[in-house]
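Peer 1: Residues per chain are reported as follows:
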Amino acid sequence: MKVHCDAEAATPVWLKAAREARTFTEDIHPEGCLHAAFVRSPHAHAEIVSIDCSTRNLPGVVTVWSAADLPTHRPIPCIVPLRNGDGSDRADPPRTLLAINRVRHQGEAVAMVVARTAALARLAAREVVVAYRALPAVSDAGQAVMAQAPAVWDGIAGNLCFDWETGDEAEVEAALAAAATVVDIRLVNNRVVVAPLETRSAIGWVHPSNGRRVLVTATQGVHWTRDVIAGDVLGWDPATLEVVTPRVGGSFGSKIFVYPEQVLVLLAAERFSTAVRWVGSRKEAFLSDTQGRDQRTRVRLALDADGHFLALRADTDANLGAFLSNYAPFNPTTCGVPVLAGAYRIGCLYARVRGVFTHTPPVDSYRGAGRPEANYVLERVIDAAALKLCIDKAELRRRNLVRAQDLPYTTATGVHLGTGLFSDNLERALHAIDYTGFTERRRLSEARHRLRGIGLANFLEANGGMALARIMEPGGLPLESARIEFGRGGRLRVDIGTQSSGQGHRASYAQVLAAHLSWDAHAISVHQGRTDRLAHGTGTGGSKSLLSGSTALLEAADAVVAKARAWVARAWGVPLDGVVWQGGELSAGPRRASLQSLSDQAAESVTGDVPHPFSVEICTPVRAGTYGNGCHACEVEVDPRTGVTSVIRYVCVNDFGEMISQHNVEAQVRGGVAQGIGQALFEDCRFEPGSGLLQTADFGSYHLPQATQLPPMEVLFNRGSRGSNRLGIKGCGESGASAAPPAVINALQDALVGVIGERAIGIQMPATPPTVWSLLQSQSAPS
Amino acid sequence: MKATALSSCHAISSGAPCRVNAVVHPPSSGAETLLEWLRGSAGCTDVRQACDTGHCGACAVLVDGRAVKSCSVLAGEVEGREVLTLAGLESASRPAARAVLDAVATMRPFQCGYCQPAFVIAAIDLLGSEAAPSECAVREAFTGLLCRCTGYQSIVGAVLLATRTLQASTPGGIE
Numbered sequence: 001m002k003v004h005c006d007a008e009a010a011t012p013v014w015l016k017a018a019r020e021a022r023t024f025t026e027d028i029h030p031e032g033c034l035h036a037a038f039v040r041s042p043h044a045h046a047e048i049v050s051i052d053c054s055t056r057n058l059p060g061v062v063t064v065w066s067a068a069d070l071p072t073h074r075p076i077p078c079i080v081p082l083r084n085g086d087g088s089d090r091a092d093p094p095r096t097l098l099a100i101n102r103v104r105h106q107g108e109a110v111a112m113v114v115a116r117t118a119a120l121a122r123l124a125a126r127e128v129v130v131a132y133r134a135l136p137a138v139s140d141a142g143q144a145v146m147a148q149a150p151a152v153w154d155g156i157a158g159n160l161c162f163d164w165e166t167g168d169e170a171e172v173e174a175a176l177a178a179a180a181t182v183v184d185i186r187l188v189n190n191r192v193v194v195a196p197l198e199t200r201s202a203i204g205w206v207h208p209s210n211g212r213r214v215l216v217t218a219t220q221g222v223h224w225t226r227d228v229i230a231g232d233v234l235g236w237d238p239a240t241l242e243v244v245t246p247r248v249g250g251s252f253g254s255k256i257f258v259y260p261e262q263v264l265v266l267l268a269a270e271r272f273s274t275a276v277r278w279v280g281s282r283k284e285a286f287l288s289d290t291q292g293r294d295q296r297t298r299v300r301l302a303l304d305a306d307g308h309f310l311a312l313r314a315d316t317d318a319n320l321g322a323f324l325s326n327y328a329p330f331n332p333t334t335c336g337v338p339v340l341a342g343a344y345r346i347g348c349l350y351a352r353v354r355g356v357f358t359h360t361p362p363v364d365s366y367r368g369a370g371r372p373e374a375n376y377v378l379e380r381v382i383d384a385a386a387l388k389l390c391i392d393k394a395e396l397r398r399r400n401l402v403r404a405q406d407l408p409y410t411t412a413t414g415v416h417l418g419t420g421l422f423s424d425n426l427e428r429a430l431h432a433i434d435y436t437g438f439t440e441r442r443r444l445s446e447a448r449h450r451l452r453g454i455g456l457a458n459f460l461e462a463n464g465g466m467a468l469a470r471i472m473e474p475g476g477l478p479l480e481s482a483r484i485e486f487g488r489g490g491r492l493r494v495d496i497g498t499q500s501s502g503q504g505h506r507a508s509y510a511q512v513l514a515a516h517l518s519w520d521a522h523a524i525s526v527h528q529g530r531t532d533r534l535a536h537g538t539g540t541g542g543s544k545s546l547l548s549g550s551t552a553l554l555e556a557a558d559a560v561v562a563k564a565r566a567w568v569a570r571a572w573g574v575p576l577d578g579v580v581w582q583g584g585e586l587s588a589g590p591r592r593a594s595l596q597s598l599s600d601q602a603a604e605s606v607t608g609d610v611p612h613p614f615s616v617e618i619c620t621p622v623r624a625g626t627y628g629n630g631c632h633a634c635e636v637e638v639d640p641r642t643g644v645t646s647v648i649r650y651v652c653v654n655d656f657g658e659m660i661s662q663h664n665v666e667a668q669v670r671g672g673v674a675q676g677i678g679q680a681l682f683e684d685c686r687f688e689p690g691s692g693l694l695q696t697a698d699f700g701s702y703h704l705p706q707a708t709q710l711p712p713m714e715v716l717f718n719r720g721s722r723g724s725n726r727l728g729i730k731g732c733g734e735s736g737a738s739a740a741p742p743a744v745i746n747a748l749q750d751a752l753v754g755v756i757g758e759r760a761i762g763i764q765m766p767a768t769p770p771t772v773w774s775l776l777q778s779q780s781a782p783s
Numbered sequence: 001m002k003a004t005a006l007s008s009c010h011a012i013s014s015g016a017p018c019r020v021n022a023v024v025h026p027p028s029s030g031a032e033t034l035l036e037w038l039r040g041s042a043g044c045t046d047v048r049q050a051c052d053t054g055h056c057g058a059c060a061v062l063v064d065g066r067a068v069k070s071c072s073v074l075a076g077e078v079e080g081r082e083v084l085t086l087a088g089l090e091s092a093s094r095p096a097a098r099a100v101l102d103a104v105a106t107m108r109p110f111q112c113g114y115c116q117p118a119f120v121i122a123a124i125d126l127l128g129s130e131a132a133p134s135e136c137a138v139r140e141a142f143t144g145l146l147c148r149c150t151g152y153q154s155i156v157g158a159v160l161l162a163t164r165t166l167q168a169s170t171p172g173g174i175e
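First to last, the sequence lines map onto chains A and B. Okay, so the first sequence: first residue is 1 according to my numbering, each after it adds one. Okay, so the second sequence: first residue is 1 according to my numbering, each after it adds one.
Here chain B stands alone, though its shape is the one from the complex (with noise of 0.2 Å):
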C-alpha cells in the first residue's frame, strides 16, 4: 500500500465532524490515533491492529477514497472527511467497491480472514487510481500489507478478475 499517511491533511483542527461508514461522528478530542478511535469510539471492530509499528497495514481504511493506514494518522486529522471501512463497503455504490466485494466472494481468496477488510481497502483504492493494473502492479500496491495465510497469489487473484469485471462493465473498456 503506496499510502502510508495522508499527504494532504491539515494539522490544524476545523472541529468539523467526519462521516465513517456515512455515519456522522464527532470530532475525536483527544490525541488518539485514528486506528483507537475507529475501534473505540466509532465502534468500528472490523479495522484491525496487527502490529504496534505502521508494517502490517492490516488497520487500512479509506479516507476521502484514499488508503490509508490508520495507525499512523491522529483521529483528528479525519476531521470533515470521508472515511469508510470494509463494514461501509457494502452500502457503497463505487465501481470498484463492488467489483472487490464480488470477487472476493467469488474466489474465497483469504483464509483466516483477518487481514481481509485492509487487502479489500488496499484493492479499492488501487483500481481507483488505475484502471487496468498488471498482476506486478497488484503485488506492488499491497507493498505494506502482511498477510501470513494465503502466499498473495489468490488475494491478487481476485482483484485481476474485479479488473476485468470493471472493464468490461466500462463503455468502450474492452477493445
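Just chain A, same shape as in the assembly (with noise of 0.2 Å):
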C-alpha cells in the first residue's frame, strides 16, 4: 500500500484506507512508524526476578518497556459480575498490561520492544534479559482446585474464581433419588484454540495537529474496544480516542476482547509521537489469544421408567485460565446454562459451575461461549441413557421434546419458548440421513472392517444479547445503532454498530434496507467498524448480529421516512396526517413522489455542512431475543486398526425462521460445523502436566481440520416457525459449533459400542485416533 499524507484532509492516507476497510491490519503500514514486539514469559508460572532492558540502547531500539515503565493506567476489566452460591461476590485479580513479579502463563507479556523496524524490534525483544525463577504450575481445573494446587493468585483460595449455582438443588436432589434410573456420567468439553487465520494486530497513532488518538486494530465491534481501553483502562474521554476495524480475517469471539498489546501500542504512540505498529505471529496467537471451551462436567439425568426426564444435574468446573478476560464468567453460567435444558421437557434442573484459575492462557467466549458445552452435556447424556435403558434414541428425544402443541413452554431454566419446530426438525433430520437404514449401511461398513455408528444431536440456540445485558444491569436490553445518510445520485450510505469478520452482514443490511425503502440495494453501501461515524454500537457475538443491526436499521428508516413524511408536508403545504408513505413513495392526495425523487429535491435545500433532512442516526433497544433450534444427524466410520473416525455423512434441519440470505446462513452453519467437527475429532489442546507449557503451539501439532478430512455437509431449512422480530429471522451463526461435537461423538459412540459396550460412553474429546485406538483396546479390561 503507498503510504503518505495527504496534507489537505490532514488525515493520513493509510488511516483513510483503514476507514474503508478493505484491507487487513497487517497490510497497513504508516509511512515512519515504530514497530513493537514483545518478550513473553516462556514458563506458565515464574518470579520475574529481573528484566535487564539495556537493550533499549542498540542502534535502532526506541524503547524497552517493563511494566515498571508504563505510565498510570488501570487492569484491563473483566466487565460481567457474578455471584457465589453464598451471595459474595466473585474473585477479581487484575489483569496487567505487563506482567508485575510473577508471569501466570505461557506467553504472557512481560515486556515491549518499540523499534525502528519490525525485524529489529523482534531482534532486541529475543536479547532482553529476563530472570524467571520457575514455580509449579496447573494447568488441570480439576487438579488446580485441589488442596496442594500451586496458587494462581495469593489469596484466591483453591484457584477458585466463584462458585455458581442455579435451580432448586434440593428439587433436584428428591427427583434423582425417586428415579427409576439416573444415567450419570463424566464428559470432557475440550479446551479448543480459536485461530483465526488473521492474527491479531494493532496501531497506535496519535494526530499530531489535534492530539486526537486513533487504534487501528480487529475487533468484533469498535465501541466496546473504544469504551474499555480509553474509559477503563486508560482514564480517556472515550472521545479522545478513534478506534477503526478494518477487514476482519475471521474472529470467532477472540478479537471481541480487549487484549494488551492494543493499549500498549496507543501508550507508545503517546508517548513517542508516532504510529506505533504490531502484527503477532502464529505463536503468539497459541499463546495469548483468548482460547475457548475447557469445561469438565459430571452430568446426572433422572428418568422414570418410561424414560420421560425428570431432571437434571450438572456440576461443571470451567477452567478460565491465568486472567479474568473480559467475559470469561459469562459463558459458562449465565450464557450457557440457559440452553442447557434444550427444547426438552425436563420436570427440574440444577446446575453448579465453578470457576477456577489455572496457569493457562484466558478462556473467553468462543463460537457459542457455554452454549456449545451445555448443548453437549445434554445430547451426550441422552444418548448415555439411550444405551443404558435399551430406547432408540431418536425415540427417547421423541418421547422429550417440546411438541407444537406445548407451545408456549418455558423450559427448567426459565427459557421462554414462544416458537419452535423441535420435534419436527428431528423426524426431518431421520429422514433425510434415512435413520430406517443404517442397519443396512452399518453392515456395508463391517463387511469392510469398519465400524459404523450413527449419532443425532438437538441444539437450542439463545441469541440477541439478552443474558448479557441483563447480568450487566437488571432488566437491561442490548442496544443496537444505525446511522442512514443521503447522498448524491441516490446513494444511501448506512453506519452499523456490528462488526462482521467474514458473515456477510453487509449485503444483508443493504438487502433490508433496500426492501423497507423500495431503494436500489446497489446504491447503498454499508459501513462498520468506525467510532468516529456512529456515537454508539454494540458489536457482534452470540450470534445477534442481523437481528440486533436490523432491529436499529429499521427504526432508522422508519425514522427518514418520518422525516420525509414532514418535509413533504411542509414543502407541499399539506397537513402532516395527510401526507401517507406507501410502495417507496409519499402522496398526499393526488400528489406522490418517489422517497429517491424527494431526497434529491430535500438535497437541495439545504447548503454547506447542514445534514441531508432526510439523514438520522439512532441508538435503540432490542426488545427480544431468539432461539434457533434444529436438529444434526451424521455417520461415521472407524478403522479399528488405527483409531482413526472419518465423518461420512451429515446433514441437519434447522429453524432458523425466514432468512435475508440463505447463501450465508448456509455457510455460517457449514463453517460452524466444521469447528465443531473440528473440536470433537482433531484439536487437541494439551498442556504439559508440572510445567504448564502448551504442547500443541503451532498449526503443526494442533489440528485444524483439512478439506479431506470434513464430509459435504448437507444443510436444509425448517420454515414455519417465525423469529419475535419485524424480519422473523433467529440467530444462527454458532449453531453448527454447538450440534456437531454432541452428533459426532454420539456417533462415535455408536460406532464403538458394538465392541466395546457401554464403555463407549467413556469416549471424550478430541477423539484423536490414539484416544479412540486406546479406548477399543480396552475391550478386554474390566469395565
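Take these hints with a grain of salt, some might be off.
Said to hold, decoys possible - Footprint (simulated), chain B over chain A, 3 or more residues, beta carbon under 8 Å:
#1 190-197
#2 280-294
#3 661-672
Since the hints were made in silico from the structure, they are not lab data. Don't be surprised by glycine CBs; every beta carbon is placed ideally from N, CA and C.
Work from the hints to combine the two standalone chains into their complex.
Peer 2: So this is what it looks like as C-alpha cells:
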C-alpha cells in the first residue's frame, strides 16, 4: 500500500484506507512508523527476578518497557459481575498490561520493545534478558481446585474465581433419588485454540495537530473496545479515542476482547508522537489469544420407567485460565446454562459451575460461548441414557422434546419458547439421513472392517445479547445503533454498530433497507468499524448481529420516512397526517413522489455542512431474543486398526425462521459444523503436566480440520416458524459449533458400542486416533 | 497443496531478475524467504502469512505456473522466474485463472477472505495439471491449506464449477 500524508485533509492515507476497510490491519504501514514486539514468558508460572532492559540502547531500538515503565493506568477489566452461591462476589484479580513480579501463563507479555523496524524489534525482544525463578504450574481445572495445587493468585483459595449455582438443588436431588433410572456420566469439553487465520494486530497513532488518538485493530465492535481502553483502562475521555476496524480475517469470539497489546501501542504512540505498529505471530496467537471451552462436567439425568426426563443436574468446573478475560465468567454460567435444558420437557434442573484459575492463557467466548458446552452435556447424556435403557435414541428424544401442542413452553432453566419446530426438526433429520436404512449401511461397513455409527444432536440457541445485557444491569436490554445518510445520485450510506468478520452482514443489511425503502440495494453502501461515524454500537457476538443490526436499521428507516413525511408536508403545504408512505412513495391526495426524487429535492434545500434533511442516527434497544433450533445427524466410520474416525455423512435441519440470505446462513452453518467436527476429532490443546507449557503451539501439532477430513454437509431448513422481530429471523451463526460435537461423538459412541459395550460412553473429545484406539484396546479390561 | 517447495529450483544464484505480476524486480540480495520478499520489497500484500511453520498454506503463490508455499522458498530461488500472486491473476490470460476467478465471483465461497488468495492459487495449479478433477481430487489438492471459516465445501464447489466452465469452453471438452 502506498502511504503518504494527504496534507489537505490532514488525515494520513493509511488511516483513510483503514477506515475504508478494504484491507487487513497487517497490510497497513504508516509511513515512518515504529514497530512493537513483545518479550513473552517461556514459563507458565515463575517469579520475575529481574528484567534487563539495556537492549534499549541498541541502534534502532527506541525503548524497552517493562511494567515499571508504564504510565498510570488501571487493569483491563472483566466486565461481568457474578455472585457466588453464598451471595458473595466473584474474585477479581487484576489483568495488567505487562507482568508484574510474576508470570502466570506461558506467553504472558513481560516487556515491550519499540524499534525502527519490525525485524529489529523482534531481534531486540529476543535479547532482553529476564531472570525467572520457575514455579510449579497447574493447567487442569480439576487439579487446580485440589488443596495442594499451586496458587495462581495469592489470596484466592483453591484457585476458585466463583462457585455459582442455579435451580433448586433439593428438588433435583429428590427427583434423582426417586427416579427409576439415573444416568451419571462425566464429560470433557476440550479446550480449543480459536485460531482465526488473521492474527491479532494493532496500530496506535496520535494526530499531531489535534492530539486525537487513533487505534486501528481487528475487533468485533469498535465502540466497546474504545470504551474499555479509554474509559476503563487509561482514564481518557472515550471521545478522544477513535477506534477503526478494517477487514477482519475471522474472529469467532477471540477478537471481541481487549488485549494488552492494543493498549500498549497506543501508549507508545502517545509517548513517541508517531504511529506504532504491532502484528502478532502465530506462536503469539497460540499463547496469548483467548482460548475456548475447557469444561469438565459431571451430569446426572433422572428418568422415569417410560424414559421421560424428570430432572437434570450438572456440576461443572470451568477453566478460566490465568486471568479473567472480559466476559470469562459469563460463558459457562448465565450464557450457557439457560440452554442446558434444550427444548426438552425436563421436570427440574440444577447447575453448579465453579470457575477455576489455572496457569494457562485466558479462556473466553468461542463460537457459542457456553451454549455449545451446554448442548454437548445434554445431548451426550441423552445418548448415554438411550444406551443404558435400550431405548432408541431418536425415540427417547421424541418422547421428551417440546411438541407443537406444548407451545408456548418455559423450560426448566426458565427459557420461554414461543415458537420452534423441535420435534419436526428431528423427524426431518431422521428422514434426511435415512435413519431406518442405517442397519444395512452398518453391515456394508462391517464388510470393509469398519465400525459404523450414527449420531443425533438437537440444538437450542439463545441469541440476541439479552443474557449479557441482563447480567450487566437487571432488566437491561442490548442496544444497537444505525445511521442512514443520503448522498448524491440516489446513494445511501449506512453506518451500523455491528462488526463483520466474514459473515456477509453488509449485503444483508443493504437488502433489508432496500426492501424497506424501495431503494436500489446496489446504491446502498454499508459501513462498520468506525467510532468516528457512529457514536454508539454494541458489536457482534452471540449470533445476534442481523437481529440487533436490523432492529436499529429498520427503526432508522422509519425515522427517515417520518422526516420525509414532515418535509413533504412543509414543502407541499399539506397537513402531516395527510402524507402517506407506501411502496417507496409519499403521497398527499393526488400528488405523489418517490422517496428518491424527494431526497434529491431535499438535498437542494440545504447548503454547506448542513446534513441532508432525511439523514438520521438512532440508538435503540433490542427487546426480544431468538431461539434458533434444529437437529443434526451424522454417520462416522472408525478403522479399528488405527482408531481413525471419518465423518462420512452429515445432515442438519434448521429452524432459523425467515432468512435474508440463505447463502450466508448456509455458510455460517457449514463453518460452524467444521469447527465442531474439528473440536470433536482433531483439535487437541495439550498442556504439559507440571510445567503447564502448551505442547500444541503450532498448526503442525494443533490440527485444524483439512478439506479431506470434512464431509459434504447437507444443510436443510425447516420453515414456518418466525423469530420475535420485524424480520422474523433467528440467530444461526453458532449453531453448527453447538450441534456438531455431540452429533459426532454420539455417532462415535454408537460405532464403538458393538465392540466395547457401555464403555463407549466414556469416549471424550477430542477423539483423536490414539484416544479411540486406546479405548478399543480396553475391550478386554474389566469395566 | 501438493507442492510445498520448488523441486526444480537451483540454489545457485544466476542474478537474473524475476517477474512478479508482470513487473520485473531485481533479485533479492538477502537471505529472506520469498514470502518476506514479496510482502516487503515487492509490495504484494495479498500474499498472507498465517503461520510460522509452513502448515497453513496462506502464503501460496504461482512460480512458473506451479503453486508453492512462499514461506518455504528463499527469495533467491525465484531468480529468472515468473511469480504470480492473486493480484496478478486478474490480468492473466490463462483460462484456468479466469475460470477460477469467475467461479469465485459467482459462488462467493469465502467468508473472511483471508485464505482466499491461497485457495485460488492452489485451484489454478490443480486445473493446470488435471482437466477434470473429482471432488475428492479437489479436496486432496487443498491438503496443507487451512480455512477456518467455510468448512471447505463452498470452495470445493467453486473449483468444480470452474472445471465445468473450462470443459465447456474447450473444444471436444464435452462428450
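Peer 1: So, for every hint listed, does it hold in this structure?
Peer 2: Here is how each hint holds up against the structure:
Figure legend: the region 190-197 of chain A, annotated as covered by chain B; annotation consistent (3 residues with Cβ-Cβ distances under 8 Å, at least 3 required). Under a criterion of three residues with beta carbons nearer than 8 Å to beta carbons of chain B, the stated coverage of the region 280-294 of chain A is upheld, 3 such residues being counted. A stretch counts as covered by a chain when three or more of its residues have a beta carbon under 8 Å from one of that chain; for the region 661-672 of chain A and chain B the count is 4, and the coverage holds.
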